[in-house]
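Number of protein chains: 2
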Amino acid sequence: MTQPVGAYRACMSYAANDSPRPTDSHPMTPDEFRQHAHSVVDYIADYLRDIERFPVNHSVKPGEIRGQLPSHAPEAGESIDAIMADMDRVVLPGILHWQHPRFFGYFPSNSSGASLLGDFLSSGLGVQGMSWSTSPACTEIETLALDWLAELLGLPAHFNSASGGHGGGVIQDTASSATLSVMVAARERATAFASDRHGLHSCEQRLTAYTSVDAHSHVEKDMRICGLGSSNLRLIGVDSQRAMDAQALAAAVAADISGGYTPFMVVPTLGTTSTHAFDPLRAVGEVCQRHSLWMHVDAAHAGIAAICPEFRGMHDGLEYADSYSTNPHKWLGVNFDCTALWVKDRRDLIRSHTTLPEYLRNAATESGAVIDYRDWHVPLGRRFRALKLWFVLRHEGAEGLRARIRRDVALAQEFRGWVVADPRFEITAPAPLSLVCFRLRGSDAANEALLARVQTRGRIFITHTKVDGRFVLRMAVGQTQVQHRHLQEAWTEICACAM
Amino acid sequence: MTQPVGAYRACMSYAANDSPRPTDSHPMTPDEFRQHAHSVVDYIADYLRDIERFPVNHSVKPGEIRGQLPSHAPEAGESIDAIMADMDRVVLPGILHWQHPRFFGYFPSNSSGASLLGDFLSSGLGVQGMSWSTSPACTEIETLALDWLAELLGLPAHFNSASGGHGGGVIQDTASSATLSVMVAARERATAFASDRHGLHSCEQRLTAYTSVDAHSHVEKDMRICGLGSSNLRLIGVDSQRAMDAQALAAAVAADISGGYTPFMVVPTLGTTSTHAFDPLRAVGEVCQRHSLWMHVDAAHAGIAAICPEFRGMHDGLEYADSYSTNPHKWLGVNFDCTALWVKDRRDLIRSHTTLPEYLRNAATESGAVIDYRDWHVPLGRRFRALKLWFVLRHEGAEGLRARIRRDVALAQEFRGWVVADPRFEITAPAPLSLVCFRLRGSDAANEALLARVQTRGRIFITHTKVDGRFVLRMAVGQTQVQHRHLQEAWTEICACAM
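So the protein lines, in turn, are chains A and B. First residue of the first sequence? That's 4 in the working numbering, and the numbers climb one at a time after it. First residue of the second sequence? That's 4 in the working numbering, and the numbers climb one at a time after it.
If you are wondering where the hints come from, they were derived from the structure by calculation, not from laboratory data. It is possible that some hints are incorrect.
Copies of the same chain look alike in the list, so a pair counts if it works inside one copy or between any two.
Claimed, not checked - The list that follows gives simulated cross-link-like pairs (lysine to any residue, SDA-like), each with its CA atoms no further than 20 Å apart: (1) K64 to A455; (2) K469 to V216; (3) K469 to E289; (4) K64 to A195; (5) K64 to R444.
All chains, full assembly: derive it from the sequences and hints.
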C-alpha cells in the first residue's frame, strides 16, 4: 500500500505513533441509564402533572439563557444531577409551555402519553429506517399506520398503499418539507424530468403554481427552495369566508397559459393558519383536472378533524387530489415531529428523489418489492417515527381520538359563543372547528395592547394574525389537558386585559 | 355574520346541530404516563443491556411485518400492555439492531444514555423552537452547544456565533438537508437572488457545482431538488488515496467558465462514505477562493474525529470554507437525528429561507437581536434537539468524547492489522480512522458470497461498497458498547464465512 499524503497523513498520526493512548471511555452503562431515565420520567410526569404552576409564557430577554451558561464545553464530564439542576434553573424558565392547558397560541402541537412512549422506544432502539432492509418494521409499520390513518380520515382509497394502485403515505418532519417533496415531483412531471437532469434553466417551460392569499408561507418558501421563484406563485383571492375563489383561480391559470407560462400545481388549504378557512376542493379540483395540474391539499391542522365524519365535508372533491398532507403533531396527540403525507401515485415522487449508490444497494431494494422511504423526501436517515403514531392510534383508538376532537371543537365553539355575546368583541372569521378568531371592536392599537397585556401577564397564551389588514386575535383550542375551566379562565383573563 | 357555504357548511354541521355529542376523551393522565414510562425505560435498558442475545440482522421477508398486524386501526383503545407485547412479537424481530456492539455496517449511528435522557426531555417538554420567542432556551442552547462543539472540533473562529462575525451553527436532521440549505444559499449568492424571486429559468447563469466521484449521493440529490439538475454537478476524479484531485477540479472549473457556465459551489468531503477518503481542503479552497465559489465541507462521519487534536490534520485549509457539516448522530453518541451545520456568514442562508407572515411576527424577531432558526432550513417547526447534544457534551465531557473516538480508532486499526496479516485478504483503502475497507483477494463473486454468508448468519453486520468497480467490504467501528472482544468475534466470523 502506498504511503498516505497531505491531509490524510495528518489523520494517520494517531495510528502512526503511540501518543496519546486512548484512555478509558465511560459512556453510561444500560443500568446507569435505567437509573437516570427513571428520574427523568418522574421529572417529565411531574412537569406535565404540575404544569399549571408555571406561567404559560416566558419573560426572557435575548441572550439571557446563554448568559447563564458557561462559554465552553466542560473538559471533564459532569453528573446528570448537575445537568438536571440546569433544567430547572435555566431551561424551564426559558420556554413557552406549549403543553400547558392554557396555551392557545399558534396551533396545539399537542402530545400524549402513548405518543411519548412510542417516541422513547424509537430513540431507545436507535434504528435507521432509510431503506426497508435497514429495519423492515420501521418501514412496514409506517406504511400500515398511514393506511390506517387514511381510512380513519376518510381519504380516497387511491391514497392507501393497500388499494392496489400506486398510492401510499410517508411521515415527514413538517408540512413545509412535505409540500416541497410533492412540489419537486410535480415540477418534474411537468418538465418530463428535464429539470431533474439538466436544471430548470434548460427548460422552456416557465412553471407557475397557485395557492390562496391565506395559504401558509411555506408554499412560497418551497417555490424558492426548488428553484421556481416566489414570483411564479400566484396568490389567488378569497371569498367572504376566506376560501380560495375558484373562478379567480381558473382565470389566473388561463391568463398564465395565454402569457406563455406553464401552470403545474395548485395548493388548496383545508384550515388556513390565520382563520381555518377551507378552500373548495371540488371547484379547485375541476380546474386542476382541466389543465392536468398537480393538486396538493395542505390540511396541516384542520385535516385531523376529518376523523369525525361530521367534519368530513371539507373533503368534498378530494378525489381530484394528487397528494394530501395533515399533521398528527398538530392535533392528534402525536408529539412533534410527525407530518403525514399521502400521494396518489408515488412513482413521480420516488423518481424525482431516488438515489441508489452502491453502498445502499441490497437485495430487497433490487427486488422492487419494498418501499425505501429515503426516496420519498430529502433526508436519507430516518427515525422510527411510526412508533409514536402507531401507539396513539392503538391506545386511544378511533373512538378516543374522535372524542378528543369533538371535545376541542365543543370547547372552542362555546368560547365563540361567549365572544359573540359580549358587545365589546366581534368574531372575525367563521372558523367552525377549534380556532376562534376575534377582536375588540375598535382600533388595531387597542387589540395590540390587549394582546401585549395578555402575553406579559402570562396566565394564558394566544397569538394574532391579520385578516384584510386588520389585527385579529387567535384562540386555538386543543391542548391534551385542556378542560372547560381553562376556557373560562382564558375568557376571564381576556376580559380583564380588555379593561 | 354571513352564513357559511359549500365545504365549510359541512364542517359546521357539528356546531349547527346536537349530534353526535362529544363523549369523554381519556388520554393518559400524567400519572398513568409515569407508570407506563417506567416500564418502557426498563424495556429499553433491558434491551440495551441484553442486546447481544439478538442476532444483529433480521431475516424478514417483504410484507411479513405488516402481515402480522391488523389491516385497520382499532375502534376502541388498546392497553399499553397489548402494544408492548407487539414490540416483542413483531417489532424486535423486524429490525436491524443498529445499537448492537457487533453492528459494523454503514456508519455507527451511535447513541448514549445521556443523549437519550436529553431526547426524552425534549419529547416530554414538547416545545416548538421555530422562532426564538416560541422557546428561547431551545434556540440559545442550540447556538451555544454548536459554539462549544465548533471549538472542540477546532473549527475556524468564523463559524462561532460568538466570534463577532456573522457565523453560527444550526442543528438539522441529516447531511442531505444541511447541504441542500447551503446549496440554496450559494445558488442565490451566485444569482444575486434573482432565482429566489423569478426562478432559475429566468437566470442567464447556468450554474455548475463540483464534488468528487466518491462524494455522498445526497449532493446530486440536492442539485436535483433545488432545480439545478444532476448533469450540472461535475464529479471530479480522485487520486490514489481516493481524495479529490484539485488540479482536475481547477481544470473542470476553467472549462466550464470557457463553456459559458457559472461555477458556484464545491463540496469536498472529509471521510467519504465508501472509504473515508479526505479531500484536500487547502488545494480545493484555493480554487474556490480564486473563483468565488461557495465551499461546503461534508464531514458527516469522520469530521467528529477532529475533537482529538491528533486527527485534526484533515482540517488543514478549512479557513476557505463557507460552511461545514458533521453528524453528532453518526459518531458522537447523540442519537439520530442531529446534524450540525455551521456557516461563515448566515445572511445569505437566512435571506434565501426567510418568511415572516403576520402570524409569526413578534417583538424579538423585529428587534433583530435574536436567531429564528426556522430561517436556516426548510422546516418551520423544530424539536428541542439541542438538549440531547448538550447532555452528551456535558455528561461525557471533552475528555470522555475524545476517549471514545480514540477507542474506536484503535479498535479499527487493530482489526486492520489482522486483515493485513492474513494473506487471504487485502486492504483496499487507506482509511486511517474507524473504517476498514478490505476484500478477499479474488473475484467480486467470492466477496459477494462472503458478505451474503455473514449477513444471513446474522452474528455480525457489515456492508459493502465498490471502489474502482471492485466489490469491497466495509467494517465501520463505533458502536457505543463495542469492546475488543466484539472485533475479535467479527474477525473470527469473517474468517469462518471466508472458508
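Status of the hints after comparison with the structure:
no., hint, in the structure
1, K64 to A455, "within (16 Å within a copy, 58 Å between copies)"
2, K469 to V216, "within (12 Å within a copy, 51 Å between copies)"
3, K469 to E289, "neither (30 Å within a copy, 50 Å between copies)"
4, K64 to A195, "neither (51 Å within a copy, 35 Å between copies)"
5, K64 to R444, "neither (32 Å within a copy, 64 Å between copies)"
Of the numbered hints listed earlier, those contradicted by the structure are 3, 4, 5.
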